[in-house]
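S.K.: Single-letter residue listing:
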Amino acid sequence: MKTTAAIVGTGEVPTGNYPNRTEAEAAVTACRQAILDAGLSPRDIEAVMPVGVVMGSRHFNTDLIFSRLCEELGMLRSVKLNAQVMAGGASGSATLKVACALVASGAVRNVLVVHSDKFGSTTMQQGIDLFATLGISEEWEAPYGHNANTAVALITQRYMHETGTTEEELAAVAVSMRQWGALNPNAMFRKPITVEDVMRGDHVCTPLRPKTMSLWADGASAYIVARAEDAPHITPTPVYVRGMASLVTHYSVSQESNLAFLAFPEVAKEAYAQAGLAPRDIHVAEFYDAYSVMPLLAMDAMNLCEGERAGSFIAAGHTLPGGKLPMTTTGGAIAQGHTGAGVGVSLVVESARQLMDKAGDRQVKDAVNAAESGSGGTWMDSHISILSREAR
Amino acid sequence: MSDQPMARPVPKPTAWSQPYWDAAREERLVIQHCNQCATRIMNPKQYCPRCLSDDLGWSESDGRGTVYSFSIQKRSPASPFVGKGPYVVAIVRLDSGVQMLSNIVGERAFDVHCGDAVKVAFEPIPGTDITLPVFELVG
Ligand SMILES: [Zn+2]
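Protein chains in written order, with our numbering: chain V, 309 to 700; chain Z, 17 to 155.
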C-alpha cells in the first residue's frame, strides 16, 4: 500500500496529579509543542481533531468541540475543520486512522490531534463507579456487579487458560512498564518494581492484582499528521504511517467470540500486509496496556516473540530497556498513568518520538519501524498500526 | 460526581426484552431468535442482527452451558456492590451457542474454572420485580 500520510510533530505535558493545571492549559501546551516540533506555524494547521473527555469538565469538552483551541492558538480562518473523534482507549489509533484518511483524501493538508483530560482529583471509588458504566451494558451486565476491571479480568482469565500464561508473567509486564517509566520524565510512576512486589498485592478481581492495573492521572498529548508528499519538506524526521488495521468485535464483553485474542491476530496480519513488513522488521512495540494482559495479546498476534509465548518472552526481560524488543517505552498507563482516552494518543506520540530519535533516555537505537496497538471501551476493538522512518 | 451511595443497578425491561424478564420471573430462561433466518440472539435486540427482520420470537433454553471465562470480584467493586463480595462474574456459553454475562452462585462457586459445566438458577433482586438468571456448577 503506497504511503499517504506521516506524523511530523508531537507534544506532551507530564502525566500525574496536577491539581493547578487546567485541562485547557495542558491541551494548549501540548498543541503548541507539537506545532513547534513540526516547525510549523499555527496558520499552517488545516484541521484540529480533539479527542473526547471522560472525566474532565463537560464545559472543557464543549470548548474542544467548539473550536476553542483554534482561538487560543491563532488558527482562526485558517483551520477548515474542527471536529471531535472519540473511541475511548482506542482514540490514539482511531484518530490516526481518521487523520490519515483526511490528508490522503485531499480534504486537508494536515491534522492536529490533541487529547487532554483530568483524573488526578478523582477518588478510587468515583473512578470504579464511572468505569462500571463505560462499555458496560446497563440492562445485561451492570446488574451482575460487572465493571471495567471484571471485563479485562474475563479476557485475562481466558487468555491464561488458552496460552498457559501465569500470574507471574502478567506481573512481569508491569515490571517492564515500570522500568520504562523510570526513564520517562512525563511518567507518574518512576520507581522500578519487582515481580514479588506485584504478587504481594491481593487480587482486586481474579486474576488481577493492583500493580497490573493502572491509576488515574491528568495528562495531555498531541501530534500532527501531514500528507506524505509534504512531510519531508516540513521536518527532517517524518514518521510514515505504513499500516493501520482494525476491527470492532463487541460492545458487551460477554458477546466477544474470541475472548483470549479479540481481533488482534486478524488485524496484525492485515497491518503487516499493508506495511510490506514482517515481524523481524519491528524494532519497537508501543502496545496499549491499561492492564497487563493487553500488550501480551498484541505481542502474540504480531508474532514478535520468536516463537515463544509473549508471557515467557516478557518474563525473560526481552522488552526491558536494552532488550531485544523494547515494548511500551513510555511505561504505558501502568507507569505513565491512565489519562482516559489519552493513553492511546500518548502511544502514537511515543511511536513517532522513537522513530524521530527524540525519545531521550528511552531512545531505542536505530529504530526504523514501530508497531502501535489500541483498544477502547471494554476492549471493543483491536487496532494495530505500523509506523516507519521509510515511506513505501 | 456524587458521593451518594448508588442504588443497585436493576434491569429496566424494554418492549423487546420484556418477554425475557417475564420468563425469568417464572424461573424460565428464554432466548430470542429470528423467525426469518433462525439466528439466535443474545443480548435481546429490537431487530435481528443478521437480517434486520422485526419478526422475532422466543424459545425455551434448558439453561445448560459452560463457563467461557470468569473473575472473582474480591474487593473494590462499584459502589452498589460494596460489602456484597466476593462474588463471581462469568461469561457462560449456553449449549445453544449464545453467550451471556452472569454470576456463578452456590456453595462451589469459588472453585469455578474455564470450561466447567453450569446450569441456570434464578435470583430475585429484593424489592423489585426482576429475577436475574444466574448459574451453578454441575457435575
Ligand atoms: Zn434474521
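No lab work stands behind these hints, which were simulated from the structure alone.
These figures come from a predicted structure and were not determined experimentally.
All C-beta atoms, glycine included, are put in the ideal place defined by N, C-alpha and C.
There's no promise every hint is true.
[To be verified] Reference excerpt, derived from the structure (chain Z facing chain V, CB under 10 Å, subset only):
1) 27
2) 28
3) 62
4) 64
5) 67
6) 68
7) 69
8) 72
9) 87
10) 103
11) 112
12) 118
13) 135
14) 137
15) 153
16) 154
[Said to hold, decoys possible] Quick list of in silico lysine to any residue cross-link-like pairs, SDA-like style, CA-CA up to 20 Å:
17) Z:90 to V:432
18) Z:28 to Z:53
19) V:577 to V:542
20) Z:90 to Z:102
21) Z:61 to Z:32
22) Z:61 to V:676
23) Z:61 to V:542
24) Z:90 to Z:125
25) Z:100 to V:698
26) Z:90 to Z:130
27) Z:61 to V:577
28) Z:28 to V:543
29) Z:100 to V:409
30) Z:90 to V:565
31) Z:61 to V:558
32) V:666 to V:493
33) Z:100 to Z:137
34) V:388 to V:429
35) V:577 to V:543
36) Z:100 to V:437
37) V:666 to V:676
38) Z:28 to V:445
39) Z:90 to V:510
40) V:577 to V:559
S.K.: Any CB of chain V closer than 10 Å to the CB of residue 62 (chain Z)?
M.R.: violated, 13 Å
S.K.: Decide if the proposed pair is consistent with the structure: residue 100 (chain Z) and residue 137 (chain Z), CA atoms, cutoff 20 Å inclusive.
M.R.: Holds, at about 19 Å.
S.K.: Residue 90 (chain Z) and residue 565 (chain V) were given as a pair; does the straight-line alpha-carbon distance stay at or below 20 Å?
M.R.: violated, 26 Å
S.K.: Take a quick look at whether residue 28 (chain Z) and residue 543 (chain V) sit within 20 Å of each other, Cα to Cα.
M.R.: Not OK: residue 28 (chain Z) and residue 543 (chain V) at ~55 Å, beyond 20 Å, violated.
S.K.: Holds or violated: is the Cβ of residue 69 (chain Z) closer than 10 Å to a Cβ in chain V?
M.R.: Residue 69 (chain Z) check fails; min Cβ-Cβ to chain V is 19 Å, beyond 10 Å.
S.K.: Under the criterion that the straight-line Cα-Cα distance not exceed 20 Å, is the pair residue 28 (chain Z), residue 53 (chain Z) satisfied?
M.R.: violated, 28 Å
S.K.: Would the hint linking residue 90 (chain Z) and residue 102 (chain Z) be met if the CA-CA limit is 20 Å?
M.R.: Holds - the C-alpha atoms of residue 102 (chain Z) and residue 90 (chain Z) are around 5 Å apart, at most 20 Å.
S.K.: Measure nothing beyond the straight line between the CA atoms of residue 90 (chain Z) and residue 510 (chain V); if it is 20 Å or shorter, mark the hint as holding.
M.R.: holds, 9 Å
S.K.: Can you verify the interface hint for residue 72 (chain Z): is its Cβ closer than 10 Å to any Cβ in chain V?
M.R.: violated, 16 Å
S.K.: Are the Cα atoms of residue 61 (chain Z) and residue 542 (chain V) separated by 20 Å or less?
M.R.: violated, 50 Å
S.K.: Verify the proposed pairing of residue 90 (chain Z) with residue 125 (chain Z), using a straight-line Cα cut of 20 Å.
M.R.: Distance of about 13 Å is within 20 Å: holds.
S.K.: Assess, step by step, whether the Cα of residue 100 (chain Z) is no farther than 20 Å from the Cα of residue 409 (chain V), and give holds or violated.
M.R.: violated, 48 Å
Of the numbered hints given earlier, the model fails hints 3, 4, 5, 6, 7, 8, 11, 13, 14, 15, 16, 18, 19, 22, 23, 25, 27, 28, 29, 30, 34, 35 and 40; all others are met.
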